[in-house]
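There are 2 protein chains.
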Amino acid sequence: MDDLAAQMLALSRESRAAARVMNTLSTETKNKALGYMTEALIRDQKAIEAANAEDLAKGREKGLAGPMLDRLKLDARTIERLAESLKQVASLPDPVGQEISRSTRPNGLVLRKVRVPLGSILIIYESRPNVTVEAASLCFKSGNACILRGGSESINTNRALAKTLRASLVRAEVAAAAITVVETTDRAALNALLKMEGLIDLVIPRGGESLIRMVAENSRIPTIKHYKGVCHVYVDEQADLDLAKSITLNSKLQRVSVCNAAETLLVHRAVAGRFLPDMAKVLLENTCEIRVCPETRRILTAAGISGEQVKDADAATYDNEYLDRIISVKVVDSLEAAADHIEKHGSRHTETIVTTNPQHGTLFQSIVDSACVFVNASTRLNDGFEFGLGAEIGISTDKLHARGPMGLEELTTYKWLGDGSGQLRN
Amino acid sequence: MDDLAAQMLALSRESRAAARVMNTLSTETKNKALGYMTEALIRDQKAIEAANAEDLAKGREKGLAGPMLDRLKLDARTIERLAESLKQVASLPDPVGQEISRSTRPNGLVLRKVRVPLGSILIIYESRPNVTVEAASLCFKSGNACILRGGSESINTNRALAKTLRASLVRAEVAAAAITVVETTDRAALNALLKMEGLIDLVIPRGGESLIRMVAENSRIPTIKHYKGVCHVYVDEQADLDLAKSITLNSKLQRVSVCNAAETLLVHRAVAGRFLPDMAKVLLENTCEIRVCPETRRILTAAGISGEQVKDADAATYDNEYLDRIISVKVVDSLEAAADHIEKHGSRHTETIVTTNPQHGTLFQSIVDSACVFVNASTRLNDGFEFGLGAEIGISTDKLHARGPMGLEELTTYKWLGDGSGQLRN
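Keeping their order, the protein sequence lines are chains X and L. Residues in the first sequence are numbered from 22 upward in steps of one, following my numbering. Residues in the second sequence are numbered from 22 upward in steps of one, following my numbering.
Excised from the complex, chain X in its bound form (with noise of 0.2 angstroms):
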């Protein structure tokens, strides 16, 4: 084993270590030490600032794009923010020790199903290192030691937020490794950490696809992720064309950097020729490229709508995950087709019907195999704050643990504790 093996393999096992004991700190010590790391970000703001400005200027010598700049810089309020969120967390309730399920079995065992924290969690992500923070209070308050492993823009960033973090645990008496960031980059380091399957319990990839893709093929531990949000809005034949148009103009152009923001738009061919004129007018006006199927462009050309921004669409359309002011639009037969395509071109994250029809509305969510469906609601909401879940780690696209948003409960497991006197299996 070399150097940086053997240094992850110490640091996987320091964080194991603490995740045995954060086990069972009590939600008290926990909120003391939340209440330290407001402080400290707060009192070391100037340090942080300064790590701030050392990535931000090798960034521009890198020639990092404006955005990825935006992204990785830190000011006073943004700080101030990440102080608050660290007590909004503190503020949540805490989910382990909660008792799920309780029964006495007819030979008299009282069985508790109780919830654990997982572990000792990676996180793997890309350039806002506002992540850290964040990351790091949500596995704290639910009782995990956490590994972060942020992007290189933004090494210096995180260093300085991991001083001030681990100052606060040590200060509360808390064992710092409960909080690891991983000091090093490079790329080998990561391929270690994804091997300690047993010292990691769990791993949560953080960003663009070829990330998570990465991790799901080199590491046996257990993974949540999502790959991408294909989500859609699709327009009944019974429906409100009014709401039709505001649930997709906020699905779509609310924020469009999102993983729940809409990439495509089904319309029912019996309200197509109505629906369709004036909602591409809107989205056009709202500089949104439309990329349609024949139909559309038939229904678009007859109402006299056309231009640059308005593409026909090909095979590979429908799988786009854009990100930005594109929209797909295809027009349907039926609410079966609808679900059809979705099945077919989606990524089981969020879908939308509008509709008037109530039995339109229950059957798309029955047939429809995604994390969130929504009948009248924009797809943005898929969210842990709008569930009321009080935060979020992220949106997960898995089936297994934890579909959707994932809040403080996701973050933990249960375990199974039986109280005898001596019972025996017969």
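Read the hints as simulated data drawn from the structure, not as lab findings. Note that the structure is a prediction, hence the values are computed from the model and not measured. Worth double-checking, as some hints may not be accurate.
Given that identical chains are not distinguished, each listed pair holds provided it fits within a single copy or across any two copies.
To be verified - Derived DSS-like pairs: lysine-lysine, alpha-carbon spacing no greater than 25 angstroms straight-line: (1) K365 with K216; (2) K134 with K249; (3) K302 with K266; (4) K365 with K79; (5) K94 with K365; (6) K83 with K302; (7) K134 with K332; (8) K249 with K332; (9) K83 with K53.
Given the structure of chain X, go ahead and fit chain L onto it with the hints provided.
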């Protein structure tokens, strides 16, 4: 793509299509089909026995060991028992459609978390053909399509069972592809199936560690597994030693070939001298070999206990899953030392503490990170039937999704359903 891979792709697509229909099957229809299967098993008994006789003859030719042949054999009585188990599955509550939570968000969105089937499940198992019926019925009742890939020794029996089960599906007007038995035992077919991400939703390998590792290494489809069961009995410094003896005997010897049988006995130093000689005597009387630490050896020697069946432990002893009449024994200095030993050598399956001090019991349950932790009860009680789940498709040592015994509920996931009236994201 070669022929075999194309066949497996077609089969996976049919299974996924069946799963989409299964999603919306009523409990009544599912129970009706299970009733037909019960009848059909009895009706087709002769044909099943004939197919089984073929497998047995081939097994004898190949020189399969007696226990293997025993596990392979289906006779009138075992077929009757399988029919009975189908009736029981029909009588279990249907988990699908159960509302896990419901809330109305401040914006008026009514949000429900509802239990739904996982989709298409691939189950890989070894010789016992009764798994074909048990797994198929549990997947079916929980609304999942299943693809069953049994061992080559039982291929004729499995084919006959599949014919019977699928005829019953057709009789109940359910897609036959809801239950698929892979008709070839070619390893390439399995490898192809393990790549069907997006069509197959879950893989459950049931069998030896090498099979499970092969699956984990070759598939990106989510997997629920248990590698092995290295279960511990810990006798506390404050313990009823008669109780400790009966729990140890039951945990180790009630049935030795199963994952929840104990493999290691840990004894607190304070009671070792009083407990171990008598315990060892009874184990030896029950033809159970003992592998001992130096301290145990000293105590047994002083008590005049020795012989071929008492061996010294070596470095690897405490990692053994014997599945046999052998037990590892070690004296430890404290409850914490017992927990450390379990962390290092255990498989996070099942452990039990024997103690008269409730605080010790609680501490042990809190610091031991296993799927099931008992106080004063046999490790053999970690079981779906004993836990009141009504059935069991396996015991998971994973922490994600299902931990411990997996019944019908553990074969489901959930989705979020949001009913709105035009709610948007601000």
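Checked hints:
1. Within a single copy, K365 and K216 get their C-alpha atoms only as close as 33 angstroms, which misses the 25 angstroms cut-off; across copies the closest is 17 angstroms, which meets it.
2. In this assembly of identical chains, the alpha carbons of K134 and K249 lie at most 25 angstroms apart only when taken from different copies (22 angstroms versus 33 angstroms within one copy).
3. Taking identical chains as interchangeable, the C-alpha atoms of K302 and K266 lie at most 25 angstroms apart only when both belong to the same chain, with a minimum of 11 angstroms there against 81 angstroms between chains.
4. Taking the shortest Cα distances, K365 and K79 never come within 25 angstroms of each other, neither inside one copy (43 angstroms) nor across copies (44 angstroms).
5. Neither within a single protomer nor between protomers do K94 and K365 lie at most 25 angstroms apart by alpha-carbon distance, with minima of 39 angstroms and 43 angstroms respectively.
6. For a Cα distance limit of 25 angstroms, the shortest separation of K83 from K302 qualifies neither inside one copy, at 40 angstroms, nor across copies, at 74 angstroms.
7. With identical chains, the CA atoms of K134 and K332 are never at most 25 angstroms apart, being 55 angstroms at best within one copy and 39 angstroms at best between copies.
8. Within a single copy, K249 and K332 get their C-alpha atoms as close as 23 angstroms, which meets the 25 angstroms cut-off; across copies the closest is 56 angstroms, which misses it.
9. Taking the shortest Cα distances, K83 and K53 never come within 25 angstroms of each other, neither inside one copy (41 angstroms) nor across copies (67 angstroms).
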